[in-house]
Structures are given as structure tokens and as C-alpha cells.
Amino acid sequence: MIIQIVLVTMLIFVLGLIWRNSRPINGIDRNLLEAAQGDRELARRLLIRARAKYPEKSQRWYVEKAINELNRDRLWCSSLDNRYSDIALKKRGNIL
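Under the working numbering, read the sequence shown as residues 1 to 96, first letter to last.
Hints are computed from structural coordinates only; laboratory data are not their basis. In this text, a Cβ means the ideal position worked out from N, Cα and C, and glycines have one as well. No incorrect hints appear here.
Simulated DEER-style distance windows between Cβ atoms:
#1 C77 with I3: 47 to 53 Å
#2 I12 with G38: 28 to 34 Å
#3 I12 with D73: 38 to 44 Å
#4 L75 with E41: 19 to 25 Å
#5 K53 with V8: 41 to 47 Å
Let's have the full structure, built from the sequences with the hints guiding it.
Next comes the structure, spelled out in C-alpha cells:
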């Protein structure tokens, strides 16, 4: 009986965490807000642009699209940073 109570309590706790983390904050999905590093305006603009460009998709699709765009852009920017760092190091090596 005690084991059942503990298991039910744990299940309720886990479900509560899942529910809390899935709720939007001021209309913006938590995962999108995290991907936008807390920038609500950026997250909102990405959702508006996705809705305008791809009408009739689900809200979840728009959120995932916005997150994917953020991740893609960050990856692209970091590759540019690395490339420019390599060029700067090569130039420095030629100067010395």
C-alpha cells in the first residue's frame, strides 16, 4: 500500500513538471523562449514570420520552425566566427 502511494505521488510530481514546462509564458512556448535566450520580442517576430510564410500549419509546427531557424542561424554564425578566426591567425603567422 505504501509503495503504491509513493508511486502515485511520484507520477503526479513528474506529470506536474511536464505540464509546467509545456505551458507557454505570456503566449510564447518555453522551448522557443529558451532558444531565443529569453528575448520575447525575437521569439514573437519569428512566430509572426513563420505564420505569414506558412499559413495553415499548427502552432507546434510554428514553434519548432522558429527554434530550428534560431539553431541554424547560430550554427552559421559560429562557423563564420571560426573561419574569420582562422584567417586572422594565418595573417598573424605571416606577419611574424
